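Student: Below are the chains, spelled out letter by letter.
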Amino acid sequence: MTDQPNSRGDPLQSLIAELLPWIAEVLQGSTPARVAGPKLIRDAVHGYHLLQPYEVAILDCPIVQRLRYIHQTALAYLVYPTAHHTRFDHSLGMAAVAERMVNALRVVARVRGINQRLFREVRLAALLHDVGHTFFSHLSESITKGKFGHVFREIKAMTHKGRTGYFHRAKPGEILSYALITSGPVRRYLEEALRLHRIRGIDIERVAGLVVGQPPDDDHQFMADIINGPIDADKIDYLLRDCHFTGIKAEVDPERIYFTLDVIRLPAWSPRGYLTIKSGGVPHLEQMLLAKMMLFSSIYHHHKIRALECMVKAAFETMSEPLRVRDRALDFGTLRDFFYVSEADWLSAGSAHPQVGGLIRTLLNRRLLKRALVIARPTVADAYRPNLPAFYDLEEEGPEAIRALRQAIHEALPARHRRGVENLWVDIPPGPDIDETANGCWVMLGKQPEILSSVFPSDDWMRSYEAHKTRAHIFYVEDRPARSAVASASQSVLYDGVPPERQLRFNELATLWCKLD
Amino acid sequence: MVTGQEPRLTYIKFLEMLLALLPEEEYKADVGSWSRAVYHLKQKYGPRYPQLFDRFEFIERDPAPPHSDQVNYFLRIEQEGDIIHVYNPGYERLQIPAESKEILRRRHRDLLARYESEIREFVEEVSGKRLLSFDRPTEQPGRSTTESHS
Chain A
1 MTDQPNSRGD PLQSLIAELL PWIAEVLQGS TPARVAGPKL IRDAVHGYHL LQPYEVAILD
61 CPIVQRLRYI HQTALAYLVY PTAHHTRFDH SLGMAAVAER MVNALRVVAR VRGINQRLFR
121 EVRLAALLHD VGHTFFSHLS ESITKGKFGH VFREIKAMTH KGRTGYFHRA KPGEILSYAL
181 ITSGPVRRYL EEALRLHRIR GIDIERVAGL VVGQPPDDDH QFMADIINGP IDADKIDYLL
241 RDCHFTGIKA EVDPERIYFT LDVIRLPAWS PRGYLTIKSG GVPHLEQMLL AKMMLFSSIY
301 HHHKIRALEC MVKAAFETMS EPLRVRDRAL DFGTLRDFFY VSEADWLSAG SAHPQVGGLI
361 RTLLNRRLLK RALVIARPTV ADAYRPNLPA FYDLEEEGPE AIRALRQAIH EALPARHRRG
421 VENLWVDIPP GPDIDETANG CWVMLGKQPE ILSSVFPSDD WMRSYEAHKT RAHIFYVEDR
481 PARSAVASAS QSVLYDGVPP ERQLRFNELA TLWCKLD
Chain B
1001 MVTGQEPRLT YIKFLEMLLA LLPEEEYKAD VGSWSRAVYH LKQKYGPRYP QLFDRFEFIE
1061 RDPAPPHSDQ VNYFLRIEQE GDIIHVYNPG YERLQIPAES KEILRRRHRD LLARYESEIR
1121 EFVEEVSGKR LLSFDRPTEQ PGRSTTESHS
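Top line first, the protein sequences correspond to chains A and B.
Going by the working numbering, the residue at position 380 of the first sequence is 380; the numbering climbs one at a time, nothing skipped.
Going by the working numbering, the residue at position 120 of the second sequence is 1120; the numbering climbs one at a time, nothing skipped.
This is chain B alone, in the form it adopts within the complex (with noise of 0.2 Å):
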């Protein structure tokens, strides 16, 4: 093995851990909604995780969504490593598929084993505020909003 040495936790592996647990669905797939979510959880827990979240840095322009290079880099390379998808028609909706949370459940399991419960309750405030949900436009008569583009 190239390291014995444990992996540091890093910001890649702890947002890994969170889309492993974040309910199935479609998410928001502009990196302002994800900066946002990152966000709210660094003020409401940084200052218990301090080490965790100080390695996400914003850029604040009120009212426009805080910006964060490192959420902006980590959603490139999980859609680089087809983690997660963004390849519908309006490049707006982000997809967990199932097979991806096995993947990085499998990855993190030594890190989930330890920080599962903290985890869950970032997963569960992220969730509870609807920070990332993806808000189906409304069906117009006529038309299904499941059609395919192709």
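Here chain A stands alone, though its shape is the one from the complex (with noise of 0.2 Å):
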């Protein structure tokens, strides 16, 4: 599939069709095995494990396998050092997760038709739901988003099992995972391990559903929000494990949140059940919130880690030549190509590459990009902050105008301190979806369901937080008499170079931050 609009045929099919010659590849002289016995495991985070003969065996999918060698969180162990969790750890702590959630509805709440089946296409949708996941998770995510989001746009926007919109909640990874699972070859492993340990019943087109966030019926919703919903299993394993592995001190009392679940059928026109919360559990709803906005500030928009993104993001657009993989010439013009690399591969053979080659050995050593200006609030001067939206604008406008302003930038500074402009990078960090659980999540004050945001009004507080802690950053090389050069050819470009409603002017917080005096 190339970076054209598929304006013809069944876009799923398409993209399925896209991917056949890498699983073919990937699962050549695969087959399931019997497992003996149940095994199990030791989770940093959650304990002791238990997993069933058939879902030891689905693990071993090469599909499944490959997770092991996708961090959680991309390269932020170059910043935390113990971040070295993996796709694979999560997948099945979410599974462990999933499982508790289901049991206290069952137990607790005493939720009346869950049985075996649907807990094992829970359990199981948690194993999967990442499968779709590519080298340096959402940081090729965000790649391939911006590549091919026509692809996901055409997919959100199709009728599927008759359903308007039964994408509607899915990111592009969880697309891609919904497209392996329900391919030929996938589907049919799948199935042989289940037949092989005699599991019946289990439909993978209703696995893969509750991946994307849609329920068997109507009834079960609760399920799909399991899995993918706005107090999900994913959420609080990866809160709780990024916060373990980077060693983030952020509390999130999960087992208080799971014993206060419940199902709500609404609304009476049309009622659904969805996975609720009783008042008892909203504090520690509050609590995941609070302890997600902090992630996002301490992790995900941390400017160390946002400056790698902006290094493997330079490498991608530098690379006119293809990198070769093993015998295979990649050029990312198709979403199959990102399938071909591991996160080693890319490295390794990134290092070796005639036009990056040394940009990634940079990054391997750990020479990373730096600050030369801070765009926020807080640094920018008050009578030109109403004009913060408009530069914000930029990354809507598209690639081409941030690239414009880094170009206009790099052009500004003196020669001695051009270093190209593949290393000057604007960086404007996405927010965080947090608003999404304090919309979407019913809340049981006595019999009474209420939506989060009007008990508390958690998103409007967050978005407070946020606009006071998000930073937008211009990164450049380490070198300090070249980042001060960045530093004012970006004062001079962002006052003199741009059109009056986008003016922006600094106060000495700016560069203070940077730590260039």
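These are computed hints drawn from the structure, not numbers from a lab.
None of the values given here were measured: they were computed from a predicted structure.
Some hints could be false.
Partner residues are not named here, just some residues of chain A that face chain B (Cβ under 7 Å, in silico) [unchecked claim]:
hint, residue
1, D217
2, R377
3, P378
4, L388
5, Y392
6, I451
Glycine residues also receive a C-beta, built at the ideal position from the N, C-alpha and C atoms.
Reassemble the complex: the two chains are provided individually, in unrelated frames, and hints are given to aid placement.
Tutor: As structure tokens, then:
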């Protein structure tokens, strides 16, 4: 699939067809084995976790095993040295959380209709939910989202299984997971693993549906909510796991959340069985949102981690010659190319690449790009603050607008400080998707259901927090005089080189925070 | 100038034009209400202006309001830029000061010259249905609703 709109046929089937050659190669010679008994594993976050034999057989599928080599927080280990946890660990952890949520609903909330088949399907969906991730997790997802956005938009807009907007809440990685799980070869592998262990009644389509937040029927919306919803096992596990492995202290009390879960049927005219939380769990849900905000400012939006992302983007932007991985020349002009590469491949083949080898070796040696200017509410002079939204809008105008700004700053530098525009980045971080939890989550106040945000205006508080905490940056090479020159050039271009409605003037914090003096 | 090209009509510019033309009053601050208003506009005008409304993606969980990350991001950056104010005691009222409207009108004068009638139609739709209007609490005896909470 190239970067051209696919105007004919079913976009999901086109995506699956695109991935099939890679799937065939990965699964070549692999068949599920019969596993004699259950396996008990020790998880650093959740303690002992029992896996059934058919689950072990499915985990052994190479499509799942590759998640062992995708770091959950991409290159964050270059900033938090112990953040080496992977998508594989997270998938196991999510299954453990999902199991506890289902058990609490069944035993504590006494929700009827949770049978063994549904229980197994939820656990399988958790184990498989991330198979669509490619190297560096969300980092490559941001690249594929930019490059192949039209593919995901078409799939989101399509009617599937008679439902319009079947994929309306799915992120690109989740759509890719759905495509992989429902592709012929993977589905056959999974069904064979189930058959070998005499597990009957599990529908792989239903499992894949849970991954994108679609329940088997309206009564069981809560099963999909556990996998992909406002309070899902995914969030609970990654918050706990990212905190644990980075060492960041942000407390979440998952047990209290599990034991206050319930199901509510809404609305009266067309009821769906949504996952809800009783009032006793609300403070813990709020605590979870606060922890998420903290992780955003401490990890996902950490300036060094943003710089790492820019360096990976720089490599993609500069690479006009293909990356040679084993016997394959990859130009990343197709989504499939992203699956052929592991993180080790990208770093190893990349460091030998004629155009970006130097950049990737710099990254491997942790010589990161550094801040030259911080663009944020506290660093912009009061009179120019209203122009900040127009600056952020550059991102929305498209990559060419940001590239033009980078180019203009680079050209404004004295010749001795020009190190190539690929080393100069304007980074505008995306916002966290916290509000969906606040606005999509029902809480029970006695017998009265209310939306979380109407009980506690968490969405507005968090928006205020973000408005004060989020920072855009201009990054450049480590050399201090060169960065000082970039700071001056950036300030000059952002004032003299833009229309008046976009002009920005900065206070001393803009460079002080960059430790330039 | 960084680019000599005419800027693309992004969803941020569109919503800023909407803010510029909204009548002077207080609005609901919660993203759910704003998402619901834009969702309504998308349902009604999306087929006529597909390129404009396609950029808004919504997560629907009826009867909760539809959620849009784009609307949430927009409110955040406008708050960051002091274009909108929501720092009232309960974080529940959103205010658009007159000077902000003036800034937005100046910023988008070229686009407004071209699209003002359409934007006004959207504004009337939103205002007519009171999708964003903040309902002031009923005044209690002995208490003023405008008392200081500082």
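Student: Take the hints in turn and mark each one as holding or not.
Tutor: Comparing the hints with the structure gives:
Hint on D217 of chain A is violated. Least Cβ distance to chain B is approximately 16 Å, over the 7 Å limit. Of the supplied interface hints, the one on R377 of chain A holds, with its beta-carbon coming within about 5 Å of a beta-carbon of chain B, less than 7 Å. Because the smallest distance between the Cβ of P378 of chain A and any Cβ of chain B comes to about 10 Å, over 7 Å, the interface hint for this residue is violated. Taking 7 Å as the C-beta cut-off, the interface hint given for L388 of chain A holds, the closest approach to chain B being about 4 Å.
The beta carbon of Y392 of chain A is positioned within 7 Å of a beta carbon in chain B (closest approach about 5 Å), and the interface hint is therefore held. Hint status for I451 of chain A relative to chain B: holds, with the closest Cβ pair at about 6 Å, below 7 Å.
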